[in-house]
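Protein sequence lines, in the order shown, are assigned to chains S and E. If you read the first sequence in the numbering used here, its first letter stands for residue 1, the second for the next number, and so on. If you read the second sequence in the numbering used here, its first letter stands for residue 1, the second for the next number, and so on.
Please note that the accuracy of each hint is not assured.
As the list claims (entries may be wrong) - To give an idea of the interface, some chain S residues facing chain E are shown, with a C-beta separation under 8 Å as derived from the structure:
id, residue
1, E105
2, G109
3, S111
4, S183
5, T186
6, Y334
7, L366
Just so you know, these hints were derived from the structure itself, not from any lab. Backbone N, C-alpha and C fix where the C-beta goes; we use that ideal spot for every residue, glycine too.
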Amino acid sequence: MSKVIKIKKGLNISMLGTAEKIIKKANQAEYYAVKPTDFKGIRPKLVVKVGDKVKAGTPLFYDKFQPEVQFTSPVSGEVTAINRGERRVILEVVVKADATIEYEEFQLGDSTNLSKEEIVAVLQQSGLWPAIRQRPYSTIANPDDTPKAIFISAFDSAPLAPDMDYVAKEYTDYFQKGIDILSKLTEGTIHLNINADYPAAETFTKAKGVQINKFTGPHPSGNVGVQINKIDPINKGEIVWYTYPQEIITIGRLFDNGIYDATKIIALAGSEVQNPKYYKILNGASIKNLIDGNVNDGEHRYISGNVLTGSKISDDGFVGYYDNQVTIIPEGKYYEFFGWATPGFKKYTASRALLSWLIPGKKYRLDTNIHGGQRAYVMTGEYNKVFPMDIYPVQLIKAIMVEDIDKMEQLGIYEVDEEDFALCEYVCTSKIEVQSIIRTGLDLMRKEMS
Amino acid sequence: MKSLRRYLDKIKPHFEKGGKLEKLESTFEAFESFMFVPDKVTTKGTHIRDANDMKRTMAIVVLAVVPTVLFGMWNVGYQHFMATGQEGTLFELFWLGFLKVFPIIVVSYVVGLGIEFAFAQYRGHEVNEGFLVSGILIPLILPVDTPLWMVAVATAFAVIIGKEVFGGTGMNILNPALTARAFLFFAYPSYMSGNAVWTHGMMNGEGIIDSYTGATPLAEAAAGKIDNLPSVIEMFFGTIPGSIGETSTLAILIGAAILLFTGMASARIMISTFIGGLVMGLLLNVFAVNPFMEIPAWHHLLLGGFAFGAVFMATDPVSAAQTPKGKIIYGFLIGLFAILIRVINPAYPEGVMLAILLMNVFAPLIDHYVIEGNIKKRLKRAKT
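This is chain S alone, in the form it adopts within the complex (with noise of 0.2 Å):
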């Protein structure tokens, strides 16, 4: 029986809205969008142009450092939008869906005789080896590296998020040969990482061909970084590629079927949903029709993701490819007399600074608000609270404030990525972006090594 991993840094937030474990057929979507902004580290080349015919796994376009990687489409049907942004960056590429998908057809044969070349050329030309991404820079894995050790966190720990052993449990033959196509994919051992706090499912726990940990506590437990470092962290020089249980799901059905099938499903949560559920859907697909007469009034935050790391989406914006729910929860624009002053019964906070302690287990109803204006650092102490990780958390921060790049090096920043200081820039006093600083930071990183 594999160990239990103790994780006592952390924070749980407890917000309204936890998802029903109901899972809804989503109408299908007429519209659906590949996002290069989803991808850490690529330049998009398109492929397309608007009015271009596509099947589900037609390519939309390719990465310029990487050209065998695809992007494909989720969908058959007619680009309808390239959307750009600032700079005419490429943020969205646009197909509005036929009534019935076709599928591009890949030829696999016999997929347990596949070598790794072939597996990946697969997965490349059906635009699913970008599921695979790597640390140390969460930037899509190099099929010409070896990784050390293959991750896949088999349970998501952010605030809302949806419960994985519930979504996966239908799926265990594809996760299996999901599983067994990436064994193909390295020498190094696989790690499943799941839950120790409630049964996890039969699905992860009599998966074979894989190391089974158990992690046990508070958010970021179920953080694939926080995991690695402490398995088996990451260092200088060294590659360790991870994974997640729906992608690998999605690869076992493309070497089962020969099509790129992108079901998924995902959580639609917050305390602004009114009926929160499971619902499945096909990846990239725009949520209008999900929150459609299934949302409260007012104006609200649109997260594809979850609260900490989720991406703003518009209200007929797309789900990210990468994530597995959908939160909304309310803007905060608004004042609010004497806030600070006030005893905070209805606001939520980490520390004991508000008598909101006095209710312990209070779901709140959080908004977008930051809550004061941005400082220098001044408290200390805080974030060390809920960043599990043997690295000094704002030591770091401070190394890539001053682009010491051996500093950077010294204090770990091969082990980290951006989600894993998410609770620190929540708990923030400072109300510092420390998210944004630790991508500058692995982005500088990521330029000096190459």
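With chain S's structure known, arrange chain E on it following the hints.
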């Protein structure tokens, strides 16, 4: 409240860039955000933020200081009435102290915040809340008869030289309140030490009865008059002469409880400072050659400014060590040095201020070695 908000919205454009009062932008922002938590929302990174902010944090620290302020005011009256041989009601004692202490607090805040506002505008920053705490701590560590102009000069020195030249709150190396105290201590020693400065009215000497010496317990102890030391009860409750806020260990402990419970100050620093003081007290007991070295080690924790320094000064997060391990070493050394200076050095009857300032300077070094340990561990892991 709504009409106030409407009024602020109306006048706001004048203070923004291009408005006729743009030179007061930081000042306006400070007052506006003081009255209304801003309506700004997250744009990148986490979509939600903790409800605790710098204003709240500082407000809690100020709240924790309030018991010592109130007791200090009462004690000022109490000492004065004792010195003049009068009797007075609780309110009379407090009122006299209030009249003496309140102006010092006002001067400290007006001068300090004035300079902070000016620098914030000059740098184009928002006004930082750090001085809200320093501004109340400075009066508490002064003798009650300190002339107001001295308070003003010392505050200005502390804010400009102690803080703003390094880049403002969060960047300073020394504790600003102690910088002010140290400035006065070395610039105007006759107002900061001796037996006459601690009780209101003794400096000009009118109406003081002969039996009242006004000497602080530490001065008595340093002079070898151990028999003159007040009882433990008096030292604990604080009915003894001393700086305005430092005398009552009880009031300080109430503050400590607030700080530790809300998590606004580091328990590591606070507790290790007390332990450091106790250890040095015991060491001195062992090697005692004079009566001062013989007094029970735990009495040192009640004497002078030790408790005040440990609870409110050593725990200043900016000037203290920042790593968890470093905090323990830092606090321990403060305790150690404070008692060492107090007992061994005849020039300074109290060692807490100097011990904390000294360790402020060494805090980055302590952190450096703690972090170096983490770096070495990582390198070692890479090799194996």
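- prompt: Any of the earlier hints contradicted here, and which numbers?
  reply: 1, 2, 3, 4, 5
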